[in-house]
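Trainee: So the protein sequences, as listed, match chains A and B. Numbered according to this note's numbering, the first sequence spans residues 1 to 69. Numbered according to this note's numbering, the second sequence spans residues 70 to 627.
Derived from the structure by calculation, the hints contain no laboratory data.
Distance condition first, Cα-Cα at most 35 Å in a straight line; then the derived DSBU-like pairs of lysine-lysine: (1) 584(B) / 40(A); (2) 2(A) / 479(B); (3) 52(A) / 472(B); (4) 584(B) / 2(A); (5) 472(B) / 40(A); (6) 489(B) / 45(A); (7) 2(A) / 477(B); (8) 442(B) / 52(A); (9) 243(B) / 401(B); (10) 479(B) / 45(A); (11) 52(A) / 489(B); (12) 492(B) / 45(A); (13) 492(B) / 52(A); (14) 52(A) / 414(B); (15) 287(B) / 10(A); (16) 479(B) / 460(B); (17) 584(B) / 10(A); (18) 315(B) / 2(A); (19) 10(A) / 454(B); (20) 40(A) / 477(B); (21) 454(B) / 52(A); (22) 10(A) / 472(B); (23) 461(B) / 52(A); (24) 572(B) / 10(A); (25) 10(A) / 477(B); (26) 492(B) / 10(A); (27) 479(B) / 492(B); (28) 2(A) / 489(B); (29) 477(B) / 45(A); (30) 52(A) / 460(B); (31) 10(A) / 286(B); (32) 10(A) / 479(B).
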Amino acid sequence: MKQLLLIFIKFYQYFISPLTGQNCRYFPTCSAYTLEAVEKHGSLKGTALALKRILRCHPFHAGGFDPVP
Amino acid sequence: MDEQKRLLLAVVLSVVVLVGYQTFFITPPVPNNQPQQAQNQNADQVQEKSQNVSEYKTMTGIVPETVTAQKKNYRTISISTPLYNIAISEQGAAVKSFELKNYKKTNKKDSPLKQLVPEQLVSGTLFFDLERQSIPGLKDAVYTAKIDTNATSVFEGEKTIEFILGTSNGIVVKKVFTFKADSYMIDCDIVFQNGSDMSLNDSLVISTPGVFDEETKKRSRFAFEGPVVFVNEEYMDIDPDDIEEKNTYSGKIGWSGYSERYFMTAVMPRLNTNGDSIDAGVKLFYANDMVTNNYIRKMDRLDPGQQGVYSFTFYMGPKSQKILGSYDNSLKNAINLGFFNVIAKPLLITMNFIYSVIPNYGVAIILLTILIKLIFWPLGTKSYKSMNEMKKVQPLMMEIREKYKNDKQKMNQEVMGLYKTYKVNPASGCLPLLVQMPIFFALYRMLYQAIELRHAPFIGWISDLSAPDRLFHFNFSIPMMQEPYGIPMLTLLMGASFLLQQKMTPTAGDPMQAKMMMLMPIFMTVIFINFPAGLVLYMFVNNIISMGQQYYIQKKLS
Numbered sequence: 001m002k003q004l005l006l007i008f009i010k011f012y013q014y015f016i017s018p019l020t021g022q023n024c025r026y027f028p029t030c031s032a033y034t035l036e037a038v039e040k041h042g043s044l045k046g047t048a049l050a051l052k053r054i055l056r057c058h059p060f061h062a063g064g065f066d067p068v069p
Numbered sequence: 070m071d072e073q074k075r076l077l078l079a080v081v082l083s084v085v086v087l088v089g090y091q092t093f094f095i096t097p098p099v100p101n102n103q104p105q106q107a108q109n110q111n112a113d114q115v116q117e118k119s120q121n122v123s124e125y126k127t128m129t130g131i132v133p134e135t136v137t138a139q140k141k142n143y144r145t146i147s148i149s150t151p152l153y154n155i156a157i158s159e160q161g162a163a164v165k166s167f168e169l170k171n172y173k174k175t176n177k178k179d180s181p182l183k184q185l186v187p188e189q190l191v192s193g194t195l196f197f198d199l200e201r202q203s204i205p206g207l208k209d210a211v212y213t214a215k216i217d218t219n220a221t222s223v224f225e226g227e228k229t230i231e232f233i234l235g236t237s238n239g240i241v242v243k244k245v246f247t248f249k250a251d252s253y254m255i256d257c258d259i260v261f262q263n264g265s266d267m268s269l270n271d272s273l274v275i276s277t278p279g280v281f282d283e284e285t286k287k288r289s290r291f292a293f294e295g296p297v298v299f300v301n302e303e304y305m306d307i308d309p310d311d312i313e314e315k316n317t318y319s320g321k322i323g324w325s326g327y328s329e330r331y332f333m334t335a336v337m338p339r340l341n342t343n344g345d346s347i348d349a350g351v352k353l354f355y356a357n358d359m360v361t362n363n364y365i366r367k368m369d370r371l372d373p374g375q376q377g378v379y380s381f382t383f384y385m386g387p388k389s390q391k392i393l394g395s396y397d398n399s400l401k402n403a404i405n406l407g408f409f410n411v412i413a414k415p416l417l418i419t420m421n422f423i424y425s426v427i428p429n430y431g432v433a434i435i436l437l438t439i440l441i442k443l444i445f446w447p448l449g450t451k452s453y454k455s456m457n458e459m460k461k462v463q464p465l466m467m468e469i470r471e472k473y474k475n476d477k478q479k480m481n482q483e484v485m486g487l488y489k490t491y492k493v494n495p496a497s498g499c500l501p502l503l504v505q506m507p508i509f510f511a512l513y514r515m516l517y518q519a520i521e522l523r524h525a526p527f528i529g530w531i532s533d534l535s536a537p538d539r540l541f542h543f544n545f546s547i548p549m550m551q552e553p554y555g556i557p558m559l560t561l562l563m564g565a566s567f568l569l570q571q572k573m574t575p576t577a578g579d580p581m582q583a584k585m586m587m588l589m590p591i592f593m594t595v596i597f598i599n600f601p602a603g604l605v606l607y608m609f610v611n612n613i614i615s616m617g618q619q620y621y622i623q624k625k626l627s
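With the hints as constraints, model all of the structure from the sequences given.
Mentor: In structure tokens, the structure reads:
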């Protein structure tokens with residue numbers, strides 16, 4: 001499960017992300033954040049953290065430096 | 070601003086919840102694969118319960134002459150209605166030809182009508198048999214049509230035509246078609262009169278075959294073609310390659326049939342009086358480029374002197390939301406726009422509504438695009454605004470870039486800190502992108518599969534919104550391009566719009582990424598080169614509006 005998630009995110013980073021342009025308001029980017037969160041906290045908590053992060057990542061939020069807890 | 074912010078958040082969140090819920094929590098009902106035990110009742114019970122079985126009295130005059138299955142000369146009866154021309158052969162009482170009067174085969178002026186029964190289907194379609202062959206040779210037996218002429222028409226009301234087969238052991242089989250002038254629905258009663266001295270205990274099998282060759286396989290990758298079934302209130306399209314693993318589906322079969330990208334043939338058991346559909350099954354076969362979808366229904370035991378009637382409705386026609394939506398049955402579920410069906414269907418209905426006001430599907434697509442764009446207008450405005458504000462911090466940013474040239478991590482961190490202090494951010498965020506993704510996919514599927522766009526003209530050279538746009542026609546082939554060959558004018562314009570948009574957007578990232586971004590217009594043009602013009606039109610209009618919005622905001626702020 002964890003491996004699958006990581007592969008999926010890496011695939012997105014290499015093949016899809018370059019096409020859509022720079023979109024993330026944060027550093028690390030949402031995908032990098034997810035990758036780290038899943039590695040650090042496991043797939044369940046990692047995904048939950050990632051979801052929270054993506055929900056924060058819109059024009060009405062300031063963005064900025066926001067590392068994985 | 071604050072109120073608008075909250076409203077937008079609410080919209081966005083509800084969409085996310087809706088999509089998320091659809092995706093993760095609604096598990097499709099598992100089709101019941103157990104054999105139908107309920108059917109194995111004793112004869113008395115069946116007699117009490119069944120509405121299909123009754124005594125029948127043989128009256129002199131109606132008894133057909135006993136025809137042997139080997140009768141050589143058989144007729145083909147043609148029936149013409151305002152909607153279609155159908156030809157039913159006395160052999161097997163099967164549908165051998167079905168031409169749609171409102172749909173042509175190609176977009177050419179002198180094109181023949183769209184034919185739903187390909188020549189390769191030698192036995193035709195919608196023929197039937199008994200599963201255990203209780204009446205040998207029934208499938209290809211030669212019936213007698215109770216009509217004097219070989220051609221008739223139904224231009225008002227309805228007309229019933231009976232096909233009768235008397236078998237040598239005394240069982241009479243009838244297939245009674247009722248054609249209606251104003252509907253694609255064809256009622257069909259299958260009647261067994263047991264005049265033999267043995268009881269008949271078997272299952273009825275109605276077949277809807279289809280040609281599934283290499284070419285179909287290729288097409289099916291983009292828009293499904295193949296066997297379809299509506300089982301336990303759930304639409305299923307079955308990839309012929311999966312038939313080897315699982316070829317039987319049972320449960321409450323609403324209908325089953327064979328579907329092309331735009332048209333379908335389906336058999337629908339008529340509901341019994343209490344409105345329930347009947348427990349039944351479908352069994353699929355795939356061999357020699359041919360897929361057969363067999364609807365199988367257990368018949369009630371028919372003792373000598375009894376008559377069994379099984380009622381069906383056949384549908385052969387377009388998968389049009391307007392037409393199928395007007396019928397009060399489950400057939401409208403045949404229009405399935407994939408994973409994002411929940412979003413795609415409303416889009417299709419909205420597009421059809423716009424068309425009813427302005428009867429041009431090209432204009433309808435443009436207006437639909439504007440409508441979608443309007444929903445996301447505040448998001449765009451906000452991010453273009455901050456994009457503009459970026460200019461203010463540009464010098465500071467250059468400084469940081471210079472300072473931390475060798476430490477990318479530190480550089481990014483500093484840049485983000487800069488954004489935070491000056492309350493700017495060039496990116497619009499991941500969420501807007503994520504929310505718009507399902508809408509784009511839904512729209513893509515909708516525009517790819519909507520029969521409404523088939524042969525629907527827009528302006529000038531775009532005479533078919535469902536086909537790739539080609540200006541002029543060349544005789545030589547062009548790499549990456551599928552036939553026909555020509556200048557993909559609209560697609561090139563779309564590519565240009567991508568390029569222009571890229572030029573308008575300041576790139577904050579590193580030069581490597583900037584290079585990648587410049588490749589995107591080319592990439593998009595190549596991908597879209599064989600896509601339906603309707604889809605290209607959407608993308609083009611979407612870009613134009615985005616650029617307009619961006620330009621407007623920049624003008625307003627400077």
